[in-house]
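Since each chain sits alone in its own frame, please combine them into the complex, following the hints.
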Amino acid sequence: MGLTGDLRVSVQSLLNATEAMDVTSTNIANLNTPGYARRVLVMEEDQPTGTYPGSSGAQVASVHTIRDKVVDMAINAKTSEQNANSTLSTALSAVQTEFSDTTAASIGTGIDSFFSALQSLSTSPTNTSMRAIVLTKAGNVASAFQSTSFAIVQARQQADQSVVQSTSDANSILQQIAEVNQQLAISQAVGKEDNANEDRLSSLLTKLAGIMDYQTVNSSDGLTLTTTSGVPLVVGSSAYALTNQLDAAGFNQVYAGGVNITGTVQGGELGGYLQARDQVLNTLGTQLDQFAYDFAKAVNDVQTTGVDLNGNAGTALFNPPDTTTGNSAGAAAAITVALTSGAQIAASSSVGATADNSNLMKMIKLQSQAVSNGDTPAQAFSGLTFQVGNAISQANSNATAVGNILTQLQNQQSSAEHVSLEEETSNLILYQRSYQAAAKVISVIDNLMVDVLNMGASSGGYQ
Amino acid sequence: MRVNPDFSADMVTLMGQAQQAVQTAAMQLSTGRRVNLPSDDPAAAAAMVEENTLAAGVDQFQSNTTSLQDTLNTANSTLNSVVTLMQKAITLGTEGGNGAMNTSNLTAIASEVSGIKSEMLSLANTSYAGSYLFGGTYNGGPPYSVNATDSTKVDYNGNNHQNMVQISTGLYVASNLPGSQIFSQTGSNVFDSLQALISALQSGNYTAVGAATTNLSTSLNVVSAAQAFYGEASTELSNNETYLAQEKLTITTRQDALVSADMATAATTLTQAQTALSASVQAAAKITQFNLLDYIR
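In order, the protein sequences belong to chains A and B. So in the numbering used here, spot 412 of the first sequence is number 412, and the numbers just go up one at a time. The numbering used here runs 1000 ahead of the 1-based position in the second sequence.
Chain B extracted, bound-state conformation (with noise of 0.2 Å):
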């Protein structure tokens, strides 16, 4: 076979793909990612948009979890307060009761559990970041107010629901306790043994103090169990934030698989595409200084 005495359109082609895999390993290196447009690897780019997702999902899982533990820490804190008010109050009826006490003493007791009262519906009424902790997911106002008509009575204006917020894939936690199981359940209502005690304190009915007194006790246990409904929320959360650095990292190996450039290979497939090119230029440059003419005088 003759042999083909035009080599330049061989040698453009030849320089062409040697320059492309110069800038693709240059590229590669300068972004390092291996996968910049859909076309450098339809499958990765498509993997990656659901990683994305799986990675956005991620963070706001970290957030909500973040957001959660404020919320169940104010509201455990404001429970604490609780919790001391009502000790308060039953230590203030168990001398009451002991029948030790003269009536104007009787009276300061009263108006001191009183105080008690209204500082713990205070409490009650406790708002976090803009929404009431303690009204299920009424929204309307307080959750506790005074009766218009007996002003003895507290009324729970909420309702019994709680929010369920997502803290990872498939797993939710109740964002709230509300009030009626805590201050107003059926039976065991805080506001209303604080009352039966300062009515009994007034009356001087040393009887009924000390019935008061052991319905606070009740009313106590209930306020401890919501307690521990918060305590275990939080553990769950900050079980959740460790899951969640662990799926962040998994999540990110992927990714870098998926679309990031290994650097090694990028530099050796720069440094190998580089020589292949000066070859080319090289070779190029060579063989077009010969021709028979130059030969010929």
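Bound conformation, chain A alone (with noise of 0.2 Å):
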């Protein structure tokens, strides 16, 4: 190899420079780009081309990107099961100020009230003012039912709104993925390493983790993404869109190519929201329900075999709940007082005594009494104040303790992937370098040409 091929290599090496600036100025503007995995120029050595095996130049392999794909893949679990707890705690937080100690108007409160509005009566049992006090607390009894009842439901309702909007979002991010597929799928024919959009595809897949779990498969015709139950997303090019429809207590269910999903999907946003409409505010109006039909009913057991302050037979202080079926679905919000004057509280046992407060004291002792599901009143409230309460404190610290595995897997991955701002600079200082020291070669054999050049038209001999 002459001159001429070590200017060859030379030149090489020049754009080999350049080359490795262009990386390095890809790396820096993408300092901060959500899912850009740092690139590094991968370089070889020239096979030697002349008769001196020594003398070969450089050249560019490729430009790889740094991916951790197991790391990538553990994040996006761990973002979907974050976002389902923190979704599930916010989703639950409205219901729960209704079971707090502080409400004044609660559930526990207001059945407290009523039964020392009972006491109250017995002292005196013809007194027409504590009949009258007893109605109205009997009427805050029906009311805090009532509220949390409500508050149950407009949680319910509101899961169920976000529940679309979460469906539509992961159409979108679903069709995104299928066009970053097939684009993937066209590199790959060519041979193309097509790092943009291998960018796009984990940024999309991290996104798509926030909203919902899934599971993918490296296929053929690129990734193939399906719900944890299998059922088909985005195969290829194609996406398959997520829809919803009603079911028969008019809340959304979500529909996969047909199959309804709305069970299986446990993580991101989607599965927060599902298992708060679903499994815990669902599980808790129907107790809700139930204590409501219950106490009710035990009430008005009592109040029926009772005489009232006129003599006549006692008539059910609550309505509904309807007896003759037993359902008590609905229960908690159908609740209210039936009697209108409190002389119609059956207080006495017999026609003859109305000052008699024998009943009274029957009606008070179901204070303490299994009255709903094996519970007294307090005991009921109790347990569901607990459940409320255990529900949105154990999704908060999974969240937070998901939140602390994910810091790891993130660090773990910046490690990894992120662009280093020094590495970069020092790179940056390297290639320049690399650059002069080439252009400095390609100066010192232009010399070299030029004296060779200028030998025979000197006057003969060195000079």
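You may find that some hints are simply not true.
Stated by the list, open to error - Derived coverage of chain A by chain B (criterion: at least 3 residues anywhere in the stretch with Cβ under 8 Å from a Cβ of chain B; other residues may be distant):
| # | segment |
| --- | --- |
| 1 | 114 to 124 |
| 2 | 193 to 203 |
| 3 | 228 to 235 |
| 4 | 403 to 411 |
| 5 | 415 to 424 |
Claimed, not checked - What the simulated footprint calls covered on chain A by chain B, stretch by stretch (three residues with Cβ under 8 Å from a Cβ of chain B suffice, anywhere in the stretch; the number is not a length):
| # | segment |
| --- | --- |
| 6 | 358 to 364 |
| 7 | 379 to 385 |
Everything labelled a hint here was simulated from the structure, so no lab data went into it. Glycine included, each C-beta is placed from N, C-alpha and C at the ideal position.
Take a look at the structure:
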């Protein structure tokens, strides 16, 4: 290899340095781009072409993206889990104030006051103002049941609306993933490393993980995305849009390609909203209805065996509950006070003794009797309070625990993938020097060539 | 392993956690409570529901005790008047029965006893807070009334029932004693005894006057026994008041332990959290100042 060979090698070096600076500037430009994984230039030695094996240049083998796919997948899974928990906590938080002991109008306080009013009346069973107070307190119990029931229904409806929103958000991402898949397939067909689309795909997968959990399979036509139950979401360049359909109760179910996947989505916002709507709040609402039904029925049962101040047989204190069917559904929302006058409270047990309080004493004893599902009224309310508090507290501590793992994983991801400004700056200096060195070599060769060319033009011999 | 060049995410998480800790501590200090919402401590919030019921119960037992005290005191002082009246009638009967009185004096004594009888009727019909004290649980009108056909007779319209009132967990006291156990007990009817004395005085039958006076003494014993009932009930109520005050304190202590913040701990936690927050903020500010680019000129 002669001077021309050296010149060719040096020109290649110049181009290599330029390419390297391209990579560095791309890295610096994308310092804060989400989903961007840093690029590194992979250089390799040219195969020697000349007679002398020592004389060969270098060329750019590839521009490689440093991406730890295992960590990326773990991050997506944990993102799903964290979002599900924090969404669940938020969706439930509106309900729990109804159960706080600082809430003056809670069911618990209402029932306590109702029994206190009955106790007061027992000391003076004919007192009309005390009878009126009993009805007022019964009204407070009814409205506390109603307002708690309303809070639960409202929270469920809000979660339902969010399910629709999350479905549409997921669809837009699924569509974009399908497009990226298509472009990656084209790049793959021509054997090109398509870093930009890999970045986009990575970013889209993390976004989708925030909305729902999913599974990925690498197949010949790019990435295949399915739900955790295996229902396809994206296959190659086709996205299967999620749809919503109302169920019998008026709540939106989520369908993927005609399959109802509502029960299988656990992660992401969607999973959180579904868990709040279909599990925690649903159970809570049913139990509240049962409690309202049982409480009203227990009071009514005692009331109807007694005699009121006018000597008439007692009639139900609370509406409805419909004891003929025994169906408690909707009882908490529908409960009202049926009596219109305090005189109708059946305090007495016998017609001739309207100042008697023995029936009232039976009603008072309900406070310490198992009236609902083996629980006293206070125990029943206490149980519901624990359930709400525990669901939120568990979701919060899960979110925190997953958050800590996520931070670890993100650190791990960043240390592999994130652009380091220091690294790029020192690379920049290195490539600048390479460029300068290559340029210097060219300049030296140029001088040598001038010397060679001038050899014949001189008056003979060296000057 | 390559050093993570992106510490901003870590910084944000750390500062967020420090800020959360400051908020929690400040909230506890300002409200004085560790548990404000069920999710702060689900088990404590649930236990608090039952403690609140117990506390409301004790408050109500205290109120029941007070109102019973008032009723029983009124009944007791009424019976004091009854006893005074009966003693007066017995004195009059003894005077009228000693044989030293002339007819006009006996008539005068008879009309005095007659006055005692109608006063007695009014005492037996005493009401308090809208209900008659001695009618049992009858509520159709005054428990005692003059018989429509025989005006010398007094009828009892009430019944023999007692109302029980709860004054503590599992503890009940009777809030009344029916007139049938005070004034009109079978064999010892106050009104009949008074009427017998009046009739005997009017007819000048000394033997009958003596017998009627003896009957009155028997009736007085019955009334005294009734006074003892009210006295015992009153003592029980006073003892109960003391017990309830202690019980209330015990419940309040338990409630405090469940939901109240330990102020000293909360204050210390606040200081620690503030220190942690300011340290993480300062660290973030320091670290972000350095960059290799600053050193290359």
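List of violated hint numbers, smallest to largest: 2 and 3
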